[in-house]
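Mind docking chain B on chain A? Use the hints.
Same order as they appear, the protein sequences are chains A and B.
Numbering-wise, the numbering used here puts 80 at position 80 of the first sequence, and it's gapless, one number per residue.
Numbering-wise, the numbering used here puts 42 at position 42 of the second sequence, and it's gapless, one number per residue.
Worth flagging that the hints you see were computed from the coordinates, not collected in a lab.
Careful, some of the hints might be misleading.
[Stated by the list, open to error] Short, incomplete list of chain A residues facing chain B, as computed with Cβ under 10 Å:
hint: 1; residue: GLU2
hint: 2; residue: SER13
hint: 3; residue: SER17
hint: 4; residue: MET24
hint: 5; residue: PRO56
hint: 6; residue: VAL57
hint: 7; residue: VAL60
hint: 8; residue: LEU68
hint: 9; residue: PHE75
hint: 10; residue: ILE78
hint: 11; residue: ILE85
hint: 12; residue: THR88
Note that the Cβ used here is the ideal one computed from N, Cα and C, for glycine as well.
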Amino acid sequence: MEKILTGLLKYGSIFASVWITIGMILSMARGGSSNDHDRLADQLMGIGVVLLIALPVARVALIFMIFLFERDYIFAVISGTVLLIIATGFLAGVLASHITLM
Amino acid sequence: MSIGTPIYSLMICLTSLAAGLLGGILGMASGIFIIPALTLLFGLDIHYAVGAGLISVIGCSCGSAASAMENRLTNIRLAILLEIGTTLGALTGIILSGVFPESVLYLLFTVILLVSAHQMFLKRKKDHLPTGPESPADRWATKLRLNSSYPDPLLQCDVNYNVDRVFLGLFLMYGAGVVSSLLGIGSGVLKVPAMDSALRLPIKVSSATSNFMIGVTAAASAGVYYARGEILTGVAAPAALGSMIGAFIGSKILMRTSNSRIRTLFIIVLLILAVKMFLAAFPGKTFIG
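Chain A on its own, in the form it takes in the complex (with noise of 0.2 Å):
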């Protein structure tokens, strides 16, 4: 078990850590003394951004999965509570920003 969660972190956050430095790279190349926001290089940050969010999310994720797959029941209903929280408050969060923006 301790393998697999150290690869999924490991490399996890380097592949997000490339996006968020290509991202950059391109806004130096692009506009480097001017000052319009460059799209591209902000989504391509935008996306090391969001795998980091998801990283560790995808970690409790594995974990639960892991548990059933040894029938720790225990353990998987322990874990699944977690993402369930994590779950219920990025969904009030999202539902939140819809209804400041109405």
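Just chain B now, kept in the frame of chain A:
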């Protein structure tokens, strides 16, 4: 300098790199230095600084959690159980952040800085104390099979440990989660002592396990901030990148040196930051550079 320009991003990246380096050397999360840097140096609204802080906390935690797991220091079962507390706390913190005025956030941050300084002071004193006798196990800890062991490089064998007072631990983790999402820090400064005193874990295990939880806690609140559009990519992305690189380099330095003089220096830095943040809580009366 306006937000989102390449120069601005680069400055934030470099500042975060320094913050991550500081945090890494001290073995704590970079958030505690990034938030003051973003608010005091860049004059960023503390709410946006919190969003960027959370993203960089996730980055640092993922990187260091991976290496701690390779050394079998992390108690994953315990971490996932305590995460119920921290994630619930994170959601509570988000609700509170809408209610609290900015000055309360600055004051709370001041308190956290003082707590960290105090802890660093204690660490300096008991660095060479041997680990205490084995603690008794909680009934629930036994039932949930939370008790475990870790390899000790000095003794060259596995050391068994028990987990005590699980419910008190859960309650304390809830509090740590609230602080984490309010201030955009990992709040490892709160988690590690909570695990030391409530659960009576060996220090290495509690810091590795706390690091593992920090990412999930921060992601729970970062997700909400992101959904509400309160995370500025132009700030958060370079901050995360910088602090990840800084933390990586810092952790390499930590392995080589653990000097008590460096600690004293950082206690002073923390105290200065505490004063600065305290003054920033009253923008009407003082001038903030």
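Structure-based check of each hint:
no.	hint	in the structure
1	GLU2	5 Å, holds
2	SER13	4 Å, holds
3	SER17	5 Å, holds
4	MET24	6 Å, holds
5	PRO56	4 Å, holds
6	VAL57	5 Å, holds
7	VAL60	6 Å, holds
8	LEU68	13 Å, violated
9	PHE75	6 Å, holds
10	ILE78	6 Å, holds
11	ILE85	4 Å, holds
12	THR88	7 Å, holds
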